[in-house]
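Enquirer: All chains, full assembly: derive it from the sequences and hints.
The listed protein sequences derive, respectively, from chains E and S.
Here the first sequence is numbered in my numbering, starting from 1 and rising by one per residue.
Here the second sequence is numbered in my numbering, starting from 1001 and rising by one per residue.
Worth double-checking, as some hints may not be accurate.
To be verified - In silico PhoX-like cross-links for lysine-lysine, where the CA-CA straight-line distance does not exceed 25 Å:
id, chain 1, residue 1, chain 2, residue 2
1, E, K88, E, K160
2, S, K1047, E, K16
3, S, K1009, S, K1047
4, E, K88, S, K1025
5, E, K170, E, K216
6, E, K62, E, K16
7, S, K1002, S, K1047
8, E, K160, S, K1047
9, E, K170, E, K203
10, S, K1002, E, K170
11, E, K170, S, K1025
12, S, K1136, E, K62
13, E, K16, E, K203
14, E, K203, E, K216
15, S, K1136, E, K160
16, E, K160, S, K1025
Stated by the list, open to error - Calculated Cβ distances over 12 Å to all of chain S for the following chain E residues:
id, residue
17, P32
18, L44
19, R46
20, S72
21, V74
22, I116
23, L126
24, V213
No lab work stands behind these hints: they were computed from the structure.
Computed from a predicted structure; not experimentally measured.
All residues carry an ideal CB built from backbone N, CA and C; glycine is no exception.
The lines below spell out each chain.
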Amino acid sequence: MPKASTDTALLDTTYKVETPEAIDLSAQLAGPVPRALAFSADLLLRSIVLSILFIILAIGGKAGVGIFLIVSFVLEWFYPVLFEVLYKGQTPGKRWMNIAVVNDDLTPVSWSTSIIRNLLRAVDFLPLCYVFGFFTMVMTNCFQRLGDIAAGSVVVHRQKTLPLATTLPKVTPTPPSFDLGLDDVVAFTGFVERDAALTTARKQELADMLSGVTQKTGPEAVSFIQGIGCWLLGERK
Amino acid sequence: MKQQVFEQKYQGCWSRVAEIVSLGKAGYDEDFPNLFRSICHHLAIAKHRRYSPQLVERLNAQVIQAHHLFYQHNARFKMQWLYFFVWQFPQTLRNNYRFIFASLLLFALPMLAMGLACYLNPEFIYSMSSAEEVMKYEAMYDPSNNVLGRERDSSSDIQMFGFYIKHNIGISFQMFAGGMLAGFGSVFYLIFNGLAIGGVAGHLTQLGYTSTFYPFVVGHGSFELTALVFAGAAGLKLGYSIISPGAYSRLEALRIAGRDAIVIMYGVAVMLLIAAFIEAFWSSTAELPQVVKYSVGAVLWAAVLGYCILSGRRHGS
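Expert: This is the structure in structure tokens:
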């Protein structure tokens, strides 16, 4: 099993796993709040389905009550299992919050993993309203409740794959006139690629931080840094 | 190589992977494993060369998607269930016989003790149950009734089937989950259920309702009582792994225990489903003579015990 590592130096929700392909995959762990919201949404959905079903089956008399009890049993224990395994690790509530259950090696959740984590809900619920689950979640490195710990599962944010083509700002690429370390290069290229996502004021604020190096301020500094960033990405004119 | 050249060079490969991933299983073809390895390689290169965080993130997200498709669980359901019932379940039970005996003792001793106490002392049942509950049980098994079990007419068999499923399987799941509290939850449920069942049995025997109570319970008891003991054993196994993890870390020990415990729980759920069926549709019939009920009960007990002890002994590990 790939050894999961969490960075102990920094307080971070990045979850890293080394895969058999010898690369480090990283995912963002989902904390108690999105998970509680997802659970509430599921609870609401289940209650609505059950009450509609109850009204329909009440017509069926005692046999109807029997069927209702069976369905409510299945919904109570297996609603999360069925959705998680058959629907990419997401119940409707988790889909709404854009989070998903995965095995702790970031492979799709399997039947036994999902069943263990959902049967052990009964303990996470104790003494009431998921108190145990909440405490273990905030006390473990990977936001795991008791069921997750025993089953070996984690809940992560689903990452969206961004469109491959990012629009770069229209500036003249210039080679840097000073030495850049590897992390500096990342900072420059990252700044350029985030161009569309940042407001003008924020861009200036960030660029001004480097005024000691660039000897420039304001819009001029922004385009200067962007020029270097573009050059580092490989733009030539 | 600058980032843009890198992006241009492998763009084709990435969009091909994106296409396959968006199609899911349908898109999975011979090229996919190669493509998957390529983008894993690209991700490693992109990180190593310190390309922009955006590119690394994008590749990481794509690799995760491809990873999910590549490592999806190909459930081969065809004969798996047969393998489970003939070999895996009974073998797992036998491999964990210590927990099963522990669970049996925790269940049976309180049951016998409470049964005996209630048989000898008609008042003793009230130490555990309220007067209304006792009255309800007495009414249920009063030989002057012509329906056994919970009061009902024959049309409500399905209702009781649903009730037994929800109630009994729910209890077994809680018994299992209680193991996570270092086993104390399972111990509590075992003793508590032992006391409750023993109390009712002892009290009704002392009242002389044997002609109704025992023929009613003998059939489904074969599946129900054994399944409860197994569920307790699964919980105890979880708890024991936390208390005494041996050579492993507690976490690892718990995971390993969970693998066996969940196999037992699959079997328990099926056994309780059968028990609920028998209880709802067979045990409640009052027309049949006692001898038939006892002999069917004996056959069921022999079948359950024989299955657990003998099945899957030959071939397969």
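Enquirer: Hint by hint, which ones does this structure get wrong, listed from lowest number up?
Expert: Failing hints, ascending: 6, 11, 13, 15, 20, 21, 22 and 23.
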